[in-house]
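Participant: So you can see what is in the structure, the chains are spelled out below.
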Amino acid sequence: MTALADETAPASAPEAHEGPAPLLQLTGIRAAYGRIEVLHGIDLLVPRGEVVALLGPNGAGKTTTLLVATGQHPASAGCVHLAGRHVNGARPDDLARLGLCTIPEGRGVFRNLTVRENLVMASYRGVPVDDVIQRAGERFPRLKERLGQVAGTLSGGEQQMLAMARGLATDPGLLIIDELSMGLAPLIVAELYEIVAGIASEGVSILVVEQFARTVLGVADRAVIMQHGRVLAAGAPADLEAELSAAYLGAST
Amino acid sequence: MNQILIFGLASAAVYAVAASGLVVTYTTSGIFNFAHGAVAMISAFVYWQLSSPDAWDLPVPIALVLTLFVFAPGLGLLIDRVLMRRLHDAAPITRLVVPIGLLVALIQIASVIWSPDDPRQLSPFFDGKTVRFGGVNIQYHQLIILAVAVVVAITLRILLYRTRTGVAMRAVVDSRDLAALNGVSPDRVGALAWALGCSLAGLAGVLIAPILALDQTQLTLLVINAYAAAMVGRLRSLPLTALGALILGIARQAVDYNSAHMPEWLNWVTVDTVPAIMLFVVLVVVPQDKAALFGQRKDRSRVPNPSWRAVAGAGLALIAVTYFMQDLVGNKTLNTVGYGLALGIVALSLVPLTGYAGQISLAPLAFAGIGAAVMHRWGSDGNPLALVAVVVICAAVGALVALPALRLKGLYLALATFAFALFCEQTVFPRQQGFSQGTAKIGRLHIGGFTTNSDRANLVLLAVSFVVLGVIVTALRRGPFGRRLQAMKDSPAACATLGLDLTALKLQVFALSAAIAGLGGALYGGWRQQVGVEQFSMLKGALPGLPLVLLAVVGGIAAVAGALLGGLLLAVVPLVGDYHPELRDLMTVLPGLAGISLASNPDGAIAQTVSEVQANIARFRRRGEPKDESIGRRVLTMLLPPVPRLVPERIPRGGSPSAADVAVIDGELGLDWGRCRDDPRNA
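Heads up: the protein sequence lines correspond to chains E and V, in order.
Residue numbering for the first sequence follows the working numbering, starting at 2 and increasing by one per position.
Residue numbering for the second sequence follows the working numbering, starting at 569 and increasing by one per position.
Take these hints with a grain of salt, some might be off.
[As the list claims (entries may be wrong)] SDA-like, lysine to any residue: derived pairs with alpha carbons at most 25 Å apart:
1. V:Lys900 / V:Asp1146
2. E:Lys145 / V:Lys1009
3. V:Lys1057 / E:Gly107
4. V:Lys977 / E:Val151
5. E:Lys145 / V:Ile726
6. V:Lys977 / V:Gly1067
7. E:Lys145 / V:Asp824
8. E:Lys145 / V:Gln1182
9. V:Lys1108 / V:Gly1067
10. E:Lys145 / V:Thr731
11. E:Lys145 / V:Arg732
12. V:Lys977 / E:Gly153
13. V:Lys1057 / V:Ser875
14. V:Lys1108 / V:Tyr729
15. V:Lys977 / E:Thr154
16. V:Lys900 / V:Val1032
17. V:Lys977 / V:Arg999
Think of the hints as simulated: they come from the structure by calculation, not from any bench.
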């Protein structure tokens, strides 16, 4: 982590690029709920093939950042670029068909549908249903045994697996996960993060939001720390210890 | 015996088609389409228009195709586009009453186009041809109905559970956002669901109309019978729905057959009341589907809390206006204002029940009818003591109805109250002496030497009653009772853990609401001096009662002033048509169309106006301070061309991070990256 005044770095991000554009780039994003602005200019970047962790305490604006990035909440200012394309205002279903896979906060499963039907829903992104089911079964044998079960009756960990299976079986280019660990036992969280690491090793770029930093930092290549709707710091996980405690505990750096 | 079975089967098949259409719209759009019957009705009329020799005389197959594959789906698309698409985040009560508005509007539109005074007849398919089977003659039409029912049931089952589109439809109801994240366009799926549902309704309409009369209200009501069948399947299971239709069809035929030997104590069971009784019993007996609650949306509507100064000012102003009303307007208008005030009191009964406690009732007018009946029996000379009887009896009946319905929530509760109201209309009221002819006398109140015989005095009495009841309701909202009610609406579970007795609370608020509605009915009777079934009917008559709930919600279900507005609107709207005949058609449709406004301001007209005035005042006060975003900027953003649909070019996979990216993320953080040149606002 270098100081903000480092003058050797390129000046203006979107223009200064050579080679392929980063997978996801947010530039000066502002967003508001009604009259209350919650993001005050977020700059964020997910390089190709990397796992980026978006960290920060409750209410830092992490989830809103994801909602803007996935087209679920309008940005009042700033730009979203997906693989070099300007996608402000695009609808979430269009983004999904491009290969953006989002696992929303709190179990991204259709609770009234069966496991099989949940997997059928994944086939809207271009992969045939049978392939989706087969791949999901390979990665999560437990789901294969429960294809006929209604998803709302699965355990929390199994639901999260189903959500991930649904996302993964469709060859996403970018995977966005919100609060993977919410409400789950530490052992299951560790298991899920092993899967995330496996996915990353296949070349999928991942943006993962977490409130609890420790588990995700083992997997992430980069980390971005948010606080009060702004980016506080970013860099390699090892360099961010001080900023992390500042963000969570309010200690001064 | 076999004859009963055949007739029962045939009508069961029609119910099955209608009910499965209802199930499909509900499972695929999450909205219970109260207007399902009305869509069936209007499709039958369109079919008549196309095929009848008295009208356009097209060949039957062409007329069928145009009705079922062009008109009905087109109507569905229109309904989705104009109304339903905006409702997915609305409060439960709004989602419920907007289709009611549609139902009323469709009935009125059909009456405007096809005057009910000219009799029309649709002939059955293959009229007159029969086949003999098992010793009975079966009409071809009945056979066709049976075959259609079976084909529809199987096709729907396959569509909803075996095809990707069907799964997507159910997924959108489950979670709209998540479906979009999966690449499904929720709007497109919703439109498809409504087109399909309306086609099924049209099919039911075309099949029923030849058996029954081609009549606006009758056809609409008949499909309401299908509610009972759909409830057996808990609005999701198609096989159980078919079973429900079968039970209903056979039960009606059996009752019809035995009507002559029905024992005295069972004489309230008639062909017409069987569906309402079955609906109520099914709702109460069959356990509420837990899974149906998964996708339930939170009620985020606000409850206004006016200051006492505003309440006193508005109340005194209302009383003053009514005092001088007679000098300002003609007799007819005066009459109408009186109805409006009385209906306002009836609508006021919904404020604590629905507005505060979130319990939906469609039966306020039924309780008003009970109030009027009690008043007629004991207070026909205008004895104010009868009002005490009205309050006591209505409160007791209200609690009694609520008792079996305690477990029911949202839609199920609404339908249970709907069944109760239908039952009252069909059985209870006609048995009251004078009610069926509409000649039940109710005298105007007198207290000691003071009488309210004059219109002026009676109108002021109505206004004073409204104000007093309104003040009581407002006081409740501020006190512990109102607080408990709102807490129950927000989180029943939290209330239970805090030691609140939810059962007692629900019974109390139902009793309170019924008592207010009963008082409204008694005073309504006093104003008219003569009442009958027609005044308290849901759909029939000059002033159908179902829109009252709708208009109360339009006014603002949690606001006392909203109730008054709702009551006045219901009464005054037809009057405008009387004075301006060129507007009459518009006016008859207006109560229904008012539902459309709900989609954009779910808190109702009053709350919307108040909050806008407050916002303007606040803006005025903050003049010197920095603004959120200039209006010019906002308009500019709105005027910019919409972002075109993305070219489906997939996001690449793999690759390694570019050095520049890493440098940016590791080095440039917190720096303003400058304005993005792709942002049209920076152009």
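Participant: Now tell me, hint by hint, if it's right for this structure.
Facilitator: Results for each hint:
no. : hint                  : result
1   : V:Lys900 / V:Asp1146  : holds, 10 Å
2   : E:Lys145 / V:Lys1009  : violated, 72 Å
3   : V:Lys1057 / E:Gly107  : holds, 24 Å
4   : V:Lys977 / E:Val151   : holds, 23 Å
5   : E:Lys145 / V:Ile726   : holds, 23 Å
6   : V:Lys977 / V:Gly1067  : holds, 20 Å
7   : E:Lys145 / V:Asp824   : violated, 53 Å
8   : E:Lys145 / V:Gln1182  : violated, 57 Å
9   : V:Lys1108 / V:Gly1067 : violated, 45 Å
10  : E:Lys145 / V:Thr731   : holds, 20 Å
11  : E:Lys145 / V:Arg732   : holds, 19 Å
12  : V:Lys977 / E:Gly153   : holds, 20 Å
13  : V:Lys1057 / V:Ser875  : holds, 23 Å
14  : V:Lys1108 / V:Tyr729  : violated, 39 Å
15  : V:Lys977 / E:Thr154   : holds, 22 Å
16  : V:Lys900 / V:Val1032  : holds, 21 Å
17  : V:Lys977 / V:Arg999   : violated, 31 Å
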